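Working from the sequences, and respecting the hints, build out all of it.
2 protein chains.
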Amino acid sequence: MASSATNHGEKATWVLHAPRPPGPWREFMEFSGDQETRPMDILPSSPKHFKQPSTASLAVETPTAEEKLDLEKNSNPVQRSEWVLNGPEPPGLWHELMDSVRETASCCGNKYSSLKNQPALKSVVSIQREIFPILVWGRSYNISKFKHDLLAGLTIASLCIPQSIGYATLAKLDPQYGLYTSVVPPLIYAVMGTSREIAIGPVAVVSLLLPSMIQKLQDPGADPIAYTKLVLTATFFTGIFQASFGLFRLGFLVDFLSHAAIVGFVAGAAIIIGLQQLKGLLGITHFPTNTDVISVMEAVWTSFRHPWSPHNFILGCSFLCFILISRYLGKKNKKLFWLPAVAPLLSVILSTLIVYLTRGDKHGIKIIKHIKDGLNPSSVNLLELNGPYVGDVAKVGLIVALVALTEAIAVGRSFSSIKGYHMDGNKEMMAMGFMNIVGSFTSCYVATGSFSRTAVNYSAGCETPVSNIVMAITVIISLQFLTKLLYYTPTAILASIILSALPGLVDLDKMYKIWKVDKLDFLACIGAFFGVLFASVEIGLLVAVTISFTKIILISIRPGTETLGKLPGSEMFCDTAQYPMAVKIPGVMIIRVKSALFCFANANFVKERIVRWITAQKAADTKGQTKDKEAIHLVILDMSNLINIDTSGIATLEELQKNLISEGIELAVANPRWQVIHKLKLSNFVGKIGGRVFMTVGEAVDASFGGKIATAC
Amino acid sequence: MASSATNHGEKATWVLHAPRPPGPWREFMEFSGDQETRPMDILPSSPKHFKQPSTASLAVETPTAEEKLDLEKNSNPVQRSEWVLNGPEPPGLWHELMDSVRETASCCGNKYSSLKNQPALKSVVSIQREIFPILVWGRSYNISKFKHDLLAGLTIASLCIPQSIGYATLAKLDPQYGLYTSVVPPLIYAVMGTSREIAIGPVAVVSLLLPSMIQKLQDPGADPIAYTKLVLTATFFTGIFQASFGLFRLGFLVDFLSHAAIVGFVAGAAIIIGLQQLKGLLGITHFPTNTDVISVMEAVWTSFRHPWSPHNFILGCSFLCFILISRYLGKKNKKLFWLPAVAPLLSVILSTLIVYLTRGDKHGIKIIKHIKDGLNPSSVNLLELNGPYVGDVAKVGLIVALVALTEAIAVGRSFSSIKGYHMDGNKEMMAMGFMNIVGSFTSCYVATGSFSRTAVNYSAGCETPVSNIVMAITVIISLQFLTKLLYYTPTAILASIILSALPGLVDLDKMYKIWKVDKLDFLACIGAFFGVLFASVEIGLLVAVTISFTKIILISIRPGTETLGKLPGSEMFCDTAQYPMAVKIPGVMIIRVKSALFCFANANFVKERIVRWITAQKAADTKGQTKDKEAIHLVILDMSNLINIDTSGIATLEELQKNLISEGIELAVANPRWQVIHKLKLSNFVGKIGGRVFMTVGEAVDASFGGKIATAC
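Each protein sequence line maps, in turn, to chains H and C.
Residues 1 to 713 in UniProt numbering are what the first sequence spells out, letter by letter.
Residues 1 to 713 in UniProt numbering are what the second sequence spells out, letter by letter.
Hints were generated in silico from the structure; no laboratory data involved.
Please read these numbers as outputs of a predicted model, since none were measured by experiment.
Treat the hints with care, since some could be wrong.
A pair counts as met if it fits within one copy or between any two copies, since identical chains are not told apart.
Listed next, the in silico DSS-like pairs over lysine-lysine satisfying Cα-Cα at most 30 Å (straight line) [unchecked claim]:
#: 1; residue 1: 519; residue 2: 607
#: 2; residue 1: 513; residue 2: 618
#: 3; residue 1: 607; residue 2: 658
#: 4; residue 1: 594; residue 2: 688
#: 5; residue 1: 681; residue 2: 594
What follows is the structure, given as C-alpha cells:
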C-alpha cells in the first residue's frame, strides 16, 4: 500500500496552514468559463486573488481575508451549522440545463474559442484539422510507419475479403455488396476517424440485425432488388442518426446499452449467426426467416429427413478445423500472428481449387457462382426516402446506428486505452455517420468497426488508419480483377469462415465475472442472451435495456435505511452493518436512507419504519423490559447521500416530525446537500424542526447532549 | 435554535467513554429478529453483553473487550483503511429479497408471534381484534362519545344524500345507486377501518373515472343495464385488488402516485367534473362521451345556438350562490360549521318545493323524477365475471383501486396526523377492499373516503367511525321513506351541489408551493393537469406517473460531479460550490459523483470529464500558464454517496485508472459503501489501484502527502 501514517501534530500544522478559499464569484467564474485554470489552481504559495480583497467586484460576495482568517480559527459547530443554512443558492433547473448543454458543446467550443485571435486562414486550417485528423497525424507520417501499415493492411484485407462475402450472404444481399462495403467506408474513416486501430467494414451482428428487421417489411427471396433498396435506405438513416449523434454531442446514448447487456446480446447473436451458417454448411434450401433457435432447429431437423449431400458439410468442417488450428498456432507462437489472418483467404483459394479440379459443383457442392465485378456503382437512385416503409426503415436505422456505434466505440476504446491515447467519442460518431451516408450512395450497407479484424490489425502492428486505406485498395483490386476467380468458391467455406469468428464473441469468462460481481447485471446479460436466442434480435435488445433501467429505478427508490454508529477513534459515523466496530449512541437514533432520492416512492415507507421502531421501543419501555436504558429522545437523519428531495418527501418529513413530537422526540438533520437544504429552506421545514440542521452527525449529537446537560444543570 | 456549542475537551472525554459496540452476531440477531429491543438498546451504564465475552457463540465473531479497547485507543488511518477493505460481506441479492419480504410481513408477524403463549380462545380474540378494530375502541365507547358521533353522522348524512345522487348521475348510473353506495360500504368500514374521521361513500374523482373508462366498452345511453353490470363488475375487481394490496402488504403501491401528481390530477379532474355539470345546469340533452375540455366546450357551444331554457341555469346558479355564501359564513364563524354542511340538503328541499309549487317541470326545468325506493337489492347475479370484457374491466378495477386508495389514504393520513394517532395503511386497504367487494354484491359502485365529507365529519366533532353508521342509517331511512319526495327535485340543483364542492379540489396555493420548491415535480403536476384536461383521465394519470419515474431515472443517472474542498477548522471535505469557504488541496483533485449509482448510463461521462480536466490542466502546464503551481498527482474519488456500482462502472474505473497512470497520476478511493467496496474487491479493482482505499478523503490526502515526503527524503 502506498499510504503511510502521518502523525497528528503534522496534520494539525498542515490544517492551520491550509490555503484560503476563493470567493464565490471567483468560483463561479472558474466553473462557468475558463476550463484551463480549474479546478486545481489554488496554491498556498500563491494566494494571488487575496491580495486585492477590496476590488469592487470581489468585495461584494467575498469576506475579506481577515474575516476569513478569523472564521477559520474560531469556526465551531454552531457557526458551521450556519454555513449549512446560509449557503449560496444552488443553480436552478434552467441554469443546470444550460450548463449541461454548454458542457456537451465545450469540447469543440473551447478549441474554437482559442482560434479567435488567429488570422482567418489559420483558423480555417484549424477547423479542417478538427474535422479531418489525418491533417494532424499525416504531417508526421513517414516511410517506417507506412511499412507497418502496409503489412497490417494486407493482413486485414486477406481476412476481410472472405468475411465480407460471408457477411453479405448473412445480410441476405448479393456477395459483391460485402466487398463494396469494404471499400468506401474504410477510405472515409481513414480521413475522419480518431482511432488508429479500428478496421472498418461489414460486421456479423449488424449483418444479422439488418435482415432480421427488414425482411418483415420486404421478403428478400420474393424481390431481392426491393429488399436491397430498403437495406441501402436503412444504411442512409443509420448514417444520418450517427452523424447527428456526433453533431449534437449525444455520445452518451451509446452508454445506454450497458456492458452486461452487450456481453449477453453479442453472445446470443453469435449463436444465432452460427445457426444461420448451418444453411450453407448443410446445403439446406428452405431456411426459416425467423432467427430464433427453435425455428432454425426445426428447419435443420426437417432437412435431415430429406436426402442431403454431405459433401458441403465435410468440405466446410475440414476447412473450419484448418482455420481453428491455424488460430491456435498463431496464439501459441506470436511470430505466426499472420497465420490465423491469412488462413481464411488460404481456405478460400484451396477450396475453390479443389471444387474447380474435382468439378464438385456437379456432385451437389453449392458454389457462389457469379459475383458482379467492377467498382461500387452509384446507388443514390436506389434510396427510397418517400416509400411506404420510410418510417419503419428509419426506426431500423436508429437501432442499427446505436448497435453499430456501441460495437465500434467499445472496440476502439479498448485499444486506445491499451495504447494510452484519447479517442473522441463524438468525433468517432461523426466519422461513422459520414462514412455510412456516403456508403449508402455507393452501394454499401452498414459498416462499423469489427472486433476480429481490429484485433488482427493491432497485432499486425498498424500505426495509423493508413492500414484501412491499404485494405480498401486491396479490395478494389480484387473487385476489378479477381471476382471471376471466386466462381467456384463453395458457400460452405464462407459459412466456416464466419463460424470460426464466433467463439470469440461468446465470452463465458466475462459472463462469469458479471455473475460474480453483480447479480442484477447478470440478469440483464442473460435476459439479452435468451431474448436474442428464443425471441428475436430486437426483443433481446429491448429486454436488456428494460432490465438495466428497471434496476436503476429499483436501486434509486429502494426504501432501505441503515443505522449509524460512531467509529472508535474518529469523528465519523458509519453504517453499523458495514462497520461492526461502530458504536451506537444511547438515546439517539441515527438513520441514513440508502438511496439518492427521498421521494414519493420511498419516503413514506422510510417514515413508517422509523415510527414503527419508535413505537416498538416505547412498548418495550412500558413493559419495563428496558427500564434501565435511556429512551430515545432524538432522531438524526443523516442526509449526506441524498442528492435530491421532492415535495412528497418534504411532506413526509413534516408528518414524521409531527409523529415524533407527539412521542416527545426531536428530529435533527445532518449534512444536507445543496439541493436538499435549499428545498428544506424553501418549504420552511428548517423552521419547523427548530433549525436543528447540522454539518455532521457528530455535531448534531453533541448539540443534543449539550442541550440536555444545560437543562439538567 | 436548540443546539449549543460544547467545548472540545468535553467532547474528547465523551468520545473516550463511548460505549463499546455489540458483536456482528448480536447485531445480526437484533436486525433480523426481536424488533422490540433494537436499535437503541445499548447504554454505557449497562454493557451487559460484554461481561461474558468468552461465550462460545459470541467469541467466534466478536473481538474480546480488551482487543476492542486496544483498537479504540490506537486506531489510525492505516488501520481504518483496513476496516474498509476487510469489512463483512454485504447481504446477497437473495438475502435482501427475503429481508424485504420479511419486513413487509413483520407488522402482523410480530403481533401474532406474541400470541403463541396464550390459550387458544384468547388468541382467536386477539386475531379478531386485529381484523375488527371496532372490538378495541368499542369497549371504551360511551354515551358522551355517541352524542358527538350522532351530531357528526347527521351532518354528513345531510351532505351525503344530495352528493350521492349527484355523483351517481356523474357516474351515469341511476340516482339510487349513489344512495346504495352510502349504505353498505360505510357500515363495513365502521367495523374494519382504522381511521376515525374518514367519511365513506361515492366521491367525485372515482365517479368521473369509472364512466370515462367503461363507456368505451359499453355505451350507457344505448344499454343502461349492461353498463351498470360492467360498473358493478369493476367495483368487484376494485375491491379484490384493494384487499389483496392489503393482504400482501403492497401499501407502497399507493405511493407511486406522487404528491405533486395527485394535486395536478385532482385539479384537472375537478375542472372536468365541473364541465360535466354544465349538462345539468344548462339542460343540454346531447352531451359528448369524451371528457376533455375541447369536446365539452364544443357541445356547450352547439347547445347555445339551439333554443335553450334558461330556467335550469337560473335555478342552479342561485342555489350555487346560496351554498357558496353559506360556506363562506361557516368559515367566518366557527359556530356556524353546520351551515355549509346542511346547505345542500336545504337547497334540495327548497328547490323541490319551488318546482312542485310552480309546476316548473312543465316550463322546461328538468327534474329527477322517479327514484327507485327500498333498500339495496342484491346484485350478485349482475356481476359478469366471464363476459367478453372481463380483462378490460379488471384493468379498470386496478386503476380505480389505486386512485380510490390514494384519495382515501391521503385524506385519512392528513387527519390522523392532526389527531396524532397511527393509521395502518395495509389494514385500511383490507377494509376498503372488503367494503367494495360486499358493495358490488349489494348494488353499490366504488366507495372510498371523501375529501369534503371527511372534513365536515372532523369539524362536526366525530369521535369514532360510529358517525359513518349514523350516516348509513339515515340514508337507509331516506331510501325507505323519502325517495318519493325527491320526484320534483331539479337536476340543476344536483349540478350546483357538485360544483360547490369543486373549488376546494383546485389547490392553486399547493401548486404554487410545488413550483417554488421543485420545478420537476411541478412538471409532473401540470402534466397530470393538462393530461386530464385535454386528453382523458387515464392519460393524465399515465403522464403523471411517467414524468415522476423519468425524473427518478434522470436524477439517479445524471452524470454530475462536484469538486470537494476542505472546510476550514474541520476535517470535513465538502462541495466547493455549496460551501464557498471550502479549500481545495493543491495537486489533488477530489471528485464526488452526484448520483447514487456509478453505472453504464453515467460512468463513462464522468470518466471523460475527469480525463478532459486533466488534459486541459496538462496543456496549461506545457504552455507555462501554471508554471508556479503544483501539477495534479492524485485524483481522489469520494464514493461516500454511491449506493451501488455495476460492472460497466467498474470497467470504466479501470479505464480511468489506465488513463491516469499514463499521465503519471494516482487514483485513490475514499469511503466506499458496503456494496461498492464488496464489488470493487470482487473485481480486483482494489488491487489494481494499489489498495489506495481510505476511510475519509482527509486520510487519502494525508497518505498521499505522507508518501510524497517519504520519497523526497
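**Request:** Could you tell me which of the numbered hints above are not met by this structure, giving the numbers in increasing order?
**Result:** 2
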